[in-house]
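This note's numbering puts the first residue of the sequence shown at 1, with every later residue one more than the last.
Hints may contain errors.
[Claimed, not checked] Cβ-Cβ distance ranges computed for the label pairs, FRET-style:
| hint | residue 1 | residue 2 | range |
| --- | --- | --- | --- |
| 1 | Arg315 | Leu602 | 55 to 63 Å |
| 2 | Glu698 | Arg315 | 41 to 49 Å |
| 3 | Glu249 | Gln183 | 15 to 23 Å |
| 4 | Glu402 | Pro346 | 48 to 56 Å |
| 5 | Pro346 | Gln275 | 41 to 49 Å |
| 6 | Gln430 | Gln380 | 54 to 62 Å |
| 7 | Ala448 | Glu698 | 36 to 44 Å |
| 8 | Arg315 | Asp178 | 30 to 38 Å |
| 9 | Gln113 | Gln183 | 21 to 29 Å |
| 10 | Glu354 | Arg417 | 13 to 21 Å |
Calculated from the structure, these hints are not laboratory results. Ideal Cβ placement from N, Cα and C applies to all residues, glycine included.
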Amino acid sequence: MLSGFLSGGVQGAPLLYTDYIAALEAPVSNELQQYVREGAAPERVMNILLKQSQKVTVDSSLVFLDNVNFLLSESDYAPYQSTLHQMNIQTRMLNGDVEAGVAAITRLPSSEQSSYRLLWVAGLLQLNRTSQAVEVFNALSSEEYRHNKEQALNVAQDMVINDGVASDSLHFPEQGDDAFALQLANVYERNGLYTKSLDERFRRLSFIAEPSAQQAYRQTLVAFAKEHDLVRDERQLMEAYLVAAVAGEGVVGEKNDVNDYSHLLVQYYFDERNQAQQSLWSDEWLEAQRRLSEVETATQQAYLENRIYRYSASRPPVFYSDVVALAVLTQERKTIVSEYSTSLPPSIQILLLEGFFALPLKTDNTTLAMADAYARLIGQCSDAVPVEVRALKGHQFVTHDEFDLAQQCFSSVVWERVVLPDSMISSLSQEQNQMDYMAMKQSGHSPAMIAMAQQGDAAMRLDAALFAVEAEPLTFERLNVLGEIGVVLALTDAQKKDMNARINERLRQEGQSELLLPRLEQAPKENALALAYWFMSHDQEEKAVEYLLMRLAQPEPLLDMDEIKVVRYLDSVFSSLSQEVQQRLRQVSNDGVKKMLQLQALEASLAFHIEEADMMAAIEQALAQYHQLKISLTSAPAANASTQLWLLGQLEWQLGQFLNQQAVMAPEGLKPVLNEQVKQREAQARHYAHQVIEQRVEGVMDTRVLDAVLFMEKN
């Protein structure tokens with residue numbers, strides 16, 4: 001730091017014209033003293049000395065200092081005392097005698113010390129007298145600052161960066177503190193020290209008095225932190241901005257900044273991945289946005305969205321109030337629909353549903369679903385309940401046979417004002433006409449139901465027919481009556497099919513085979529599976545398979561349970577079927593049957609018939625066969641699972657038996673290894689057999705399960 005002060009030479013009057021050209025250009029020497037003794041004019045001597053001050057180095061400093069002290073002792077040079085003292089001090093410091101230089105400044109009158117203040121500070125720092133250097137620097141006057149502004153700022157910068165002085169411990173007059181903080185901030189930024197730069201920029205905030213100006217400056221701090229990825233500082237600055245915004249009445253700050261910062265903070269603190277930070281949240285950070293929301297619609301929406309996100313995890317009642325408020329503000333019903341759930345407390349459900357029906361309704365399934373949910377939450381109808389809800393509540397009462405309550409709901413419904421799908425309105429309006437019919441049904445009066453159904457819709461006619469099926473015991477005579485009822489009710493073909501299916505199911509459940517079988521055989525193709533099951537249950541294998549083939553030829557896929565039952569039955573009886581029937585099965589396109597046939601073919605190749613003379617070669621060949629077969633058995637549909645598992649178990653067992661045979665002839669050193677392998681294969685075979693048994697399905701014939709049970713008993 002000292003070199004910066006000394007390189008500029010002596011601060012004094014401009015150079016005088018000289019007759020001593022040679023002396024002016026000569027190096028530093030003590031010949032100057034001879035000029036004095038010879039009576040040279042003092043101004044010329046001082047001119048030579050000034051020239052020497054510009055040339056002085058560490059090596060020539062002692063000679064120069066001797067010249068200065070010589071002139072100080074001469075009375076003719078009293079007018080130049082100040083300049084000579086300055087040269088004396090500077091030369092001592094250049095010569096390394098900083099202590100003496102500082103002491104010389106200290107001895108000066110206080111009125112003269114100001115000229116040396118920055119040099120004085122530099123010397124004190126070099127002597128490690130930092131606190132004294134700070135004290136001397138802080139005595140800087142306004143006049144000194146104005147005269148040496150740039151140098152003073154640079155000295156202070158050097159004190160902070162190189163000597164560890166705290167920047168806020170240095171004080172400038174006038175606007176110097178702000179200028180110094182800005183200079184430090186810029187230096188730190190240029191050198192990539194963004195945190196330090198931000199600290200200095202933040203310190204400038206204390207020099208701004210007006211709140212709106214402070215807020216504008218805070219915005220620049222947020223922008224700086226964001227630009228340089230100072231994430232935590234950016235967040236804290238946004239928090240400070242929002243707190244300062246509500247320090248008094250109203251809001252101090254820009255609306256866009258308030259909205260942006262509020263949104264970013266809520267998103268940060270209440271992100272589900274950031275739960276550890278949520279305890280640090282303060283609702284005061286949303287107060288500014290709340291105040292703005294009272295006078296500005298866009299901010300009101302942003303405020304509600306922030307609150308909804310803020311409470312999205314805990315979901316207290318206020319969360320749902322905000323959801324409704326946002327939906328009403330935006331007229332967006334999806335806001336409510338997305339949050340509604342029947343698992344919510346009833347009071348919350350009612351709150352959301354009331355909000356939904358306060359919005360413009362649409363004739364769609366959403367309105368229908370919400371009205372239905374609302375209806376399920378109320379005990380009875382009133383004029384305060386939306387008309388759509390009353391209509392559906394009446395429907396619910398009808399389904400529970402509470403016809404008086406249903407009538408109370410329907411009586412106040414004007415169907416032209418109901419915003420529900422037309423099909424639903426038609427259906428609900430018909431329910432009023434159906435209630436008499438339902439009363440008859442509740443009393444079990446089938447003939448009256450049939451008479452009323454003749455004037456009703458198709459659903460009522462089918463309902464009356466199905467009720468008649470269950471109304472009385474099924475006998476041959478009753479079956480004839482039911483046939484006549486179907487004609488009277490003018491059932492469609494599909495409805496007749498439903499009625500016949502109900503009759504057949506009841507006969508099956510009651511075990512009335514003598515009545516059921518003739519009915520099924522009247523339409524063998526339609527009833528192929530039912531006929532197959534009947535013959536399966538009566539151990540009539542040939543007919544059962546014939547009907548199964550008839551069903552498998554149809555394009556409609558089997559249900560999953562039917563697929564399991566059919567495939568496992570065919571697998572169980574396949575070996576007893578004739579070649580002609582087996583060939584017909586091979587033509588079936590059903591995946592489960594195809595896989596069954598593949599597994600049947602694989603089953604014949606599970607034994608290890610190896611004639612290799614060399615034992616190791618035989619084992620190697622057996623393992624290759626084992627791995628190839630296992631790959632073929634890796635996957636199968638659920639219907640083939642028991643067969644697949646059984647074959648996997650048998651593969652393990654057969655390999656174990658083969659290895660056991662080899663162990664008998666194996667050398668003593670190899671026998672333990674083979675015996676261990678045998679144990680492992682047998683254990684794995686038993687494991688697979690156990691899995692086969694777990695595949696047992698009630699009512700499904702599966703010889704693989706029986707084989708597995710017998711295997712476990714034997715092994």
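Hint by hint, here is what the structure shows:
1. Arg315 to Leu602: 55 to 63 Å: Taking Cβ atoms as reference, Arg315 and Leu602 lie about 57 Å apart, which means the hint holds.
2. Glu698 to Arg315: 41 to 49 Å: About 45 Å separates the Cβ atoms of Glu698 and Arg315, which means 41 to 49 Å holds.
3. Glu249 to Gln183: 15 to 23 Å: violated, 37 Å
4. Glu402 to Pro346: 48 to 56 Å: violated, 20 Å
5. Pro346 to Gln275: 41 to 49 Å: violated, 29 Å
6. Gln430 to Gln380: 54 to 62 Å: violated, 22 Å
7. Ala448 to Glu698: 36 to 44 Å: With a Cβ separation near 41 Å, Ala448 and Glu698 satisfy 36 to 44 Å, so the hint holds.
8. Arg315 to Asp178: 30 to 38 Å: violated, 48 Å
9. Gln113 to Gln183: 21 to 29 Å: 25 Å Cβ-Cβ, so the 21 to 29 Å window holds.
10. Glu354 to Arg417: 13 to 21 Å: holds, 18 Å
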